[in-house]
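Read off the chains here:
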Amino acid sequence: TQLLEQSPQFLSIQEGENLTVYCNSSSVFSSLQWYRQEPGEGPVLLVTVVTGGEVKKLKRLTFQFGDARKDSSLHITAAQPGDTGLYLCAGWGDMRFGAGTRLTVKP
Amino acid sequence: ETGVTQSPTHLIKTRGQQVTLRCSSQSGHNTVSWYQQALGQGPQFIFQYYREEENGRGNFPPRFSGLQFPNYSSELNVNALELDDSALYLCASSLRTGQETQYFGPGTRLLVL
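If you read the protein sequences in the order shown, they are chains A and B. Residues in the first sequence are numbered from 1 upward in steps of one, following my numbering. Residues in the second sequence are numbered from 1 upward in steps of one, following my numbering.
The set of hints was computed from the structure by calculation and includes no laboratory data. One or more of the hints may lead you astray.
[What the hints assert, rightly or not] Chain A residues, not near chain B, derived (Cβ > 12 Å throughout):
1) E15
2) Q37
3) G42
4) L45
5) G98
[What the hints assert, rightly or not] Chain B is faced by these chain A residues, among others (derived, beta-carbon under 10 Å):
6) S12
7) T51
8) T62
[Unchecked claim] With a straight-line Cα cutoff of 20 Å, these simulated SDA-like cross-link-like pairs (lysine to any residue) come out:
9) A:K56 to B:E100
10) A:K57 to A:A78
11) A:K56 to B:T101
12) A:K56 to A:N18
13) A:K57 to B:T101
14) A:K59 to A:E15
15) A:K70 to A:E38
16) A:K57 to A:L19
17) A:K56 to A:E41
Note that the coordinates shown come from a computational prediction; the quantities given were computed from them, not determined experimentally. C-beta atoms are modelled at their ideal positions from N, C-alpha and C, and glycine is treated no differently.
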């Protein structure tokens, strides 16, 4: 069983601040995906990271896959209220999601 | 292009009852996966259907069953409902099995009393 642990569980910050959320596992993943889920909606895919050490950028969001492919991080620069939501990581292939980080960005 | 739709949006049942949830996949997709998301948790994989056949199953009891139809829409059936079955049920469609992008519907929120 490949368990994904996400931290922190909750994060509340002011608009303009930077933040990093983490996704960790004791197992190696062939790839990891990050999703954002807003209330009343299903998760929406943000990015898939495949190669150990890979860094992908999506506007103000930077995703990194650990060298050993066991962990990943999501860094948001200058957070905005529109970034509010539940951020989920998922190990692709075995359909397994972490419990998520619930981010609130206050104006 | 029509996205993934689910019905109903909300549902209230009592313990022991049976429920059927429906999902229409995105146009052109032939794979549907179902997930259960309890409050404060991430989605838990129930099963996947590919071309009308079950193509993988998570750790859910047999009272969770499904169907996929020739038009690739799908149903999730849950028998003998328990209080712990209260959750958001999500379906996701993709073009085929593998590492293709899944597109999620908005979910059906089920409350079991």
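20 Å Cα cutoff - pair A:K57, A:L19: With a Cα-Cα distance of about 15 Å, the restraint between A:K57 and A:L19 holds, given a limit of 20 Å.
Can A:T62 be said to touch chain B, with a Cβ gap under 10 Å? 20 Å, violated
Holds or violated: A:K59 to A:E15, with C-alpha atoms at most 20 Å apart: 16 Å, holds
Agreement of hint A:S12 with chain B interface, Cβ distance less than 10 Å: Status violated, d = 16 Å.
Holds or violated: A:K56 and A:N18, Cα atoms, limit 20 Å. 17 Å, holds
Is the Cβ of A:G98 more than 12 Å away from each Cβ in chain B? 5 Å, violated
With the threshold set at 20 Å, check whether the alpha-carbon distance from A:K57 to B:T101 stays at or below it. 18 Å, holds
Taking only the CA atoms, is the gap from A:K56 to B:E100 under or equal to 20 Å? The given pair, whose Cα atoms are some 18 Å apart, holds under the 20 Å limit.
Just to be careful: measuring from the Cβ of A:T51 to every Cβ in chain B, is the smallest value less than 10 Å? 14 Å, violated
12 Å Cβ clearance of A:L45 from chain B: Not fine: 6 Å to the nearest Cβ puts A:L45 too close to chain B.
Do the alpha carbons of A:K56 and B:T101 lie within 20 Å of each other, as the hint requires? 17 Å, holds
So if I understand the rule, the pair passes when the alpha-carbon distance is 20 Å or less; does A:K57 with A:A78 pass? 14 Å, holds
The structure fails to meet hints 2, 3, 4, 5, 6, 7, 8, 15 and 17 from the earlier list, while all remaining hints are met.
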